[in-house]
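Colleague: Numbers in the working numbering are just positions in the sequence shown, counted from 1, shifted up by 59.
Worth flagging that the hints you see were computed from the coordinates, not collected in a lab. Worth double-checking, as some hints may not be accurate.
Using 27 Å as the maximum straight-line C-alpha spacing, the simulated DSS-like pairs for lysine-lysine come out as follows [unchecked claim]:
#1 Lys165 - Lys192
#2 Lys192 - Lys177
#3 Lys165 - Lys177
#4 Lys82 - Lys159
#5 Lys192 - Lys159
#6 Lys82 - Lys98
#7 Lys82 - Lys97
Each pair of labels, with its calculated beta carbon distance range [said to hold, decoys possible]:
#8 Val124 - Ile178: 28 to 34 Å
#9 Ser155 - Asn93: 22 to 28 Å
#10 Asp184 - Ser163: 28 to 34 Å
#11 Leu195 - Glu102: 44 to 50 Å
Glycine is no exception: its CB is placed at the ideal position from the N, C-alpha and C atoms.
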Amino acid sequence: MKNYSFIIYCIIFVFSFLISQDKIQIEILTNKGNSYFKKEDYENAIIVYEDLLAEQELQYGYNSVQLAQTMTFLGEMYYLINMPDIADYYFQQAISILEKSFQSQKEILEMPLINLLKIYSSINDTSMAQTTKNRLYSTSALFQNTEKADSSNIE
Numbered sequence: 060m061k062n063y064s065f066i067i068y069c070i071i072f073v074f075s076f077l078i079s080q081d082k083i084q085i086e087i088l089t090n091k092g093n094s095y096f097k098k099e100d101y102e103n104a105i106i107v108y109e110d111l112l113a114e115q116e117l118q119y120g121y122n123s124v125q126l127a128q129t130m131t132f133l134g135e136m137y138y139l140i141n142m143p144d145i146a147d148y149y150f151q152q153a154i155s156i157l158e159k160s161f162q163s164q165k166e167i168l169e170m171p172l173i174n175l176l177k178i179y180s181s182i183n184d185t186s187m188a189q190t191t192k193n194r195l196y197s198t199s200a201l202f203q204n205t206e207k208a209d210s211s212n213i214e
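Build out the structure end to end from the sequences listed, making use of the hints.
Modeller: Here it is, written out as structure tokens:
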């Protein structure tokens, strides 16, 4: 039994070590890419940020907000070096990831409000039920208005 415990502890230690190494690698790549960007060396910054993108995908998964942020930054850099097609690709990918994340957050926010509405309705607290309905409506309106707000930000 002690042998199994020791093996499990070793596996956990190795796994923890590998995760920390990935995070260190991500930090190193971020700092290196930022350094190139500040020097306006966009070509080298792009190379580093492409490597960062690959590391982040392994560490966080394809639908992570961190990945979307890096894609947005890559889109900006490709735009700066006059490569709008590649910039468009990265912006579109980032938007897709962020929209999924936004929708997920909306559903997380709505669930307790819906449950509160059920409670207030069951105990006939019309005032709190109406307040909760208003909050639900505001939440839905907020998430629906993002498309309108995004289109108004175009220069």
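Colleague: Compare the structure with each hint and give your call.
Modeller: How the hints compare with the structure:
no., hint, verdict
1, Lys165 - Lys192, "holds (15 Å)"
2, Lys192 - Lys177, "holds (10 Å)"
3, Lys165 - Lys177, "holds (18 Å)"
4, Lys82 - Lys159, "holds (24 Å)"
5, Lys192 - Lys159, "holds (24 Å)"
6, Lys82 - Lys98, "holds (25 Å)"
7, Lys82 - Lys97, "holds (22 Å)"
8, Val124 - Ile178: 28 to 34 Å, "holds (32 Å)"
9, Ser155 - Asn93: 22 to 28 Å, "holds (25 Å)"
10, Asp184 - Ser163: 28 to 34 Å, "holds (30 Å)"
11, Leu195 - Glu102: 44 to 50 Å, "holds (49 Å)"
Of the hints listed earlier, there is not a single one the structure fails to meet.
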